[in-house]
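Novice: Residues per chain are reported as follows:
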Amino acid sequence: MKRLLTGNEAVARGAYEAGVTVASAYPGTPSTEILENIAKYKEIYSEWAPNEKVALEVAIGASIAGARSIAAMKHVGVNVAADPLFTFAYTGVNGGCILITADDPGMHSSQNEQDNRYYAKSAKLVMLEPSDSQEAKDFVKLGYEISEKFDVPILLRLTTRICHSKTLVELEERHEVGIKEYNKNIAKYVATPANGRVLHVKLEEKLKKLEEYSNNTPINKVEFNDKSIGIITSGVAYQYAKEVFGDNASYLKLGMTFPLPKQKIREFAKQVDKLYVIEELEPYLETEIKAMGIDIIGKELIPNIGELNPDIIREALLGEKKEIIEMNSEKIVSRPPTMCAGCPHRGLFYVLSKKKNVVITGDIGCYTLGSAPPLETMDTCICMGASVSAGHGFSKAFEVNGKEAKVFGVIGDSTFFHSGITGLIDIVYNKGNAATIILDNRITGMTGHQENPGTGYTLMGEVTEQIDLVKICEAIGVKHIEVINPLDLKETEKAIDKAINTDEPVVIITKWPCVLKKSPKEEIEEYGLDQRKICTVESDKCKQCKLCLKVGCPAISFEEGIGAIIDDTMCVGCDVCLQVCPFNAIVKVGE
Amino acid sequence: MSETKNILLVGVGGQGIILASKVLSKGLVDAGFDVKMSEVHGMAQRGGSVTTQVRYGEKVYSPIIGKGQADILVAFEKMEAMRWIEYLKPNGKLVINNYSIPSVPVLTGQVKYPENIIEELKEKVDTTVIDAANAARELGNIRTQNIIMLGALVKALNITEVNWEEAIKETVKEKYIDINLKAFKRGMELV
Ligand code: SF4
Ligand code: SF4
Numbered sequence: 017m018k019r020l021l022t023g024n025e026a027v028a029r030g031a032y033e034a035g036v037t038v039a040s041a042y043p044g045t046p047s048t049e050i051l052e053n054i055a056k057y058k059e060i061y062s063e064w065a066p067n068e069k070v071a072l073e074v075a076i077g078a079s080i081a082g083a084r085s086i087a088a089m090k091h092v093g094v095n096v097a098a099d100p101l102f103t104f105a106y107t108g109v110n111g112g113c114i115l116i117t118a119d120d121p122g123m124h125s126s127q128n129e130q131d132n133r134y135y136a137k138s139a140k141l142v143m144l145e146p147s148d149s150q151e152a153k154d155f156v157k158l159g160y161e162i163s164e165k166f167d168v169p170i171l172l173r174l175t176t177r178i179c180h181s182k183t184l185v186e187l188e189e190r191h192e193v194g195i196k197e198y199n200k201n202i203a204k205y206v207a208t209p210a211n212g213r214v215l216h217v218k219l220e221e222k223l224k225k226l227e228e229y230s231n232n233t234p235i236n237k238v239e240f241n242d243k244s245i246g247i248i249t250s251g252v253a254y255q256y257a258k259e260v261f262g263d264n265a266s267y268l269k270l271g272m273t274f275p276l277p278k279q280k281i282r283e284f285a286k287q288v289d290k291l292y293v294i295e296e297l298e299p300y301l302e303t304e305i306k307a308m309g310i311d312i313i314g315k316e317l318i319p320n321i322g323e324l325n326p327d328i329i330r331e332a333l334l335g336e337k338k339e340i341i342e343m344n345s346e347k348i349v350s351r352p353p354t355m356c357a358g359c360p361h362r363g364l365f366y367v368l369s370k371k372k373n374v375v376i377t378g379d380i381g382c383y384t385l386g387s388a389p390p391l392e393t394m395d396t397c398i399c400m401g402a403s404v405s406a407g408h409g410f411s412k413a414f415e416v417n418g419k420e421a422k423v424f425g426v427i428g429d430s431t432f433f434h435s436g437i438t439g440l441i442d443i444v445y446n447k448g449n450a451a452t453i454i455l456d457n458r459i460t461g462m463t464g465h466q467e468n469p470g471t472g473y474t475l476m477g478e479v480t481e482q483i484d485l486v487k488i489c490e491a492i493g494v495k496h497i498e499v500i501n502p503l504d505l506k507e508t509e510k511a512i513d514k515a516i517n518t519d520e521p522v523v524i525i526t527k528w529p530c531v532l533k534k535s536p537k538e539e540i541e542e543y544g545l546d547q548r549k550i551c552t553v554e555s556d557k558c559k560q561c562k563l564c565l566k567v568g569c570p571a572i573s574f575e576e577g578i579g580a581i582i583d584d585t586m587c588v589g590c591d592v593c594l595q596v597c598p599f600n601a602i603v604k605v606g607e
Numbered sequence: 031m032s033e034t035k036n037i038l039l040v041g042v043g044g045q046g047i048i049l050a051s052k053v054l055s056k057g058l059v060d061a062g063f064d065v066k067m068s069e070v071h072g073m074a075q076r077g078g079s080v081t082t083q084v085r086y087g088e089k090v091y092s093p094i095i096g097k098g099q100a101d102i103l104v105a106f107e108k109m110e111a112m113r114w115i116e117y118l119k120p121n122g123k124l125v126i127n128n129y130s131i132p133s134v135p136v137l138t139g140q141v142k143y144p145e146n147i148i149e150e151l152k153e154k155v156d157t158t159v160i161d162a163a164n165a166a167r168e169l170g171n172i173r174t175q176n177i178i179m180l181g182a183l184v185k186a187l188n189i190t191e192v193n194w195e196e197a198i199k200e201t202v203k204e205k206y207i208d209i210n211l212k213a214f215k216r217g218m219e220l221v
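Heads up: the protein sequence lines correspond to chains S and D, in order.
Quick note, this note's numbering runs 16 ahead of the 1-based positions in the first sequence.
Quick note, this note's numbering runs 30 ahead of the 1-based positions in the second sequence.
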């Protein structure tokens, strides 16, 4: 049966068909749906880990135990997981193990566009690169075979375009593989220096065999057509190349890009007149092929910035440009993403935006949108967890150099569990005075609502222990902890002011469920979510001061001559604007 | 049919574009085409602009197209039509919903929502204007705008090989099947 599946769905299906029994991940666009789909197969134990390092380590443990396992993450997540990854390449596997890296060329929702193919080379991992959903599924299954045959972990690289495009996939049955026998093997699985030295030698031997495999595997495939142009390519770039050149060129399509099939590349190069490398982002293949002494054209024509598409290739290599309809583009207004109407983060950021002499170190999540106008309340955003630790560095630098400013690190609940805790430990241990604000919206918001250790549910839908943020902070040694309702501006302001005037580590937890969250019954009752009444503007009282627009709620608009208007289909009655209006023109409907 | 057809749907998060694209793709797959569908922009839930591309034919390679290549552009929101018009073939068709959703810079009064969008577009390209919001209201559910637009798309491109009723039945939730079937028909009538 053929079905249209996204690359992420196809990877999940591949794991199912390959007999995988353990899966772990931390959510991150574009990889999130892989685990969400794996969780639909009851044969597979699946979980959200607090971060990518933990996710990979869970998969490693399961693999050594003898089970086929999988870990999935976005490209920057691999940076977090890099520590165990490099050593795992040395120890090898027992049950097959695959790590998925979902790269984001074009930075659709990421802070950089690193090319994780370099991880394969650097950590010495077999790398597979599918070019559509069918291959995504097939390569997962093949990956487990390679992993077990050669005793190596596999790095499978997707990109946003593969993850989020639907293409046809042939579904097959699950093949139960059971669990392999586990035998204690200290020399293999205990990476002391003495063992590591031996393991490194073994790994190099495996890589030689793998290069041979790479030369012979059908997923490194030659397609001969017109031989005046030869194209070496991988991943989705293959589809783009086919789109542009069709049968007017010959192809070497690489499904396995580490170790590279050097012999196959040489033979292919000999048989074509002009040779191109078409690859997205960095000149990974190009550099390797040039190092083999082969003349090849690549990045001098095709950009290494941004997502590739057939047009870019057409223009770069053929000099062709499509005719387009031109419009006066100045008229088109931008449509940036924004915090939702009724978002619990808005109240906090509004209060922070009024404070002078504060520095806000931000983090990765919905609240990063607090950096956008009109709130613009953020000074930095580096990576997950850096709000707390970079905030500490910021405040220390100011302290040592006699400058004054209060630093607030703002971090989400899920992100705090991910990597904020260690930063907070650093602040307490090293007598810092940066304040930490944990924006606890009771869910992982940005990636589309995944459970996390603070929510009380697992990925598989079971009720579980809720990790208590207050107790954690107490245990770390924070003495000044406040839990507030961020929609209450007075309460929020009081907490912020107190923090400004305190010289010890402070944690403020802003606790209110994300407005898009499907709250369980208890939560609806606890927060009175069903009691809320929406707001409206009494236009005769509106003095047109536009102050309410400063909260940046997408439900409020303004019309000259009339004043503020609240869209009744969008407003959820969070009351933030109501508290801001100095003329009491905003009222509750029906009051 | 040997040539690949390119469809581009654009609008704003929450307008049901993804669902409409799912019905579209499902129908085309069932009719035996090779189909690729791609969501081009993320962060959809937070008011950003959303687009999906659907390509179908005997054999489709790239899941995405670039500028000047869509056979049809279906805009669920007026300004989004302007934003994406470059992707339409100069002799392609535009189906535009006469409906505007102001973005945050407009709401906060920093900039103005553009005027005369439809007039300007009409001058440049074969344009069909649909009042899907009102039609949906008449049907009793404003959320059926997306399937009305889908009906209009199918009519405008004259895709006859597909059993659309079946595709809708298999894609939308059971209790909404009837109203969506009506919406689809209404959309076809509006072109
Ligand atoms: S999804 Fe939730 S947390 Fe994110 S912006 Fe919307 S309301 Fe706020
Ligand atoms: S009460 Fe005001 S700020 Fe809150 S959602 Fe409604 S319009 Fe927006």
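It is worth saying that the hints were derived from the structure and are not from the lab.
Bear in mind that the values here come from a model prediction, so they are computed numbers and not experimental data.
Certain hints may be false.
To spell it out: a stretch of chain D is covered by chain S in this simulated footprint if at least three of its residues, at any positions, have a beta carbon under 8 Å from a beta carbon of chain S; those stretches are [stated by the list, open to error]:
no. : stretch
1   : 64–70
2   : 136–146
3   : 160–168
4   : 173–181
5   : 189–199
6   : 202–208
Pairwise CB distance ranges, derived in the manner of DEER restraints [what the hints assert, rightly or not]:
no. : chain 1 : residue 1 : chain 2 : residue 2 : range
7   : S       : Lys506    : D       : Lys152    : 40 to 48 Å
8   : S       : Glu507    : D       : Asn164    : 56 to 64 Å
9   : S       : Asn264    : D       : Glu200    : 37 to 45 Å
10  : D       : Glu200    : S       : Cys561    : 33 to 41 Å
11  : S       : Glu59     : D       : Lys203    : 49 to 57 Å
12  : S       : Glu490    : D       : Asn164    : 53 to 61 Å
13  : S       : Val238    : D       : Arg173    : 31 to 39 Å
14  : S       : Lys549    : D       : Ile172    : 16 to 24 Å
15  : D       : Asn188    : S       : Pro319    : 35 to 43 Å
Partial pick of chain D residues on the chain S-facing surface, computed with a CB cut under 8 Å [claimed, not checked]:
no. : residue
16  : Ile48
17  : Tyr91
18  : Lys152
The C-beta atom is built at its ideal place from N, Cα and C for all residues, glycine as well.
Novice: Would you list, in rising numerical order, the hints stated earlier that this structure does not obey?
Specialist: 3, 4, 5, 6, 7, 8, 10, 11, 13, 16, 18
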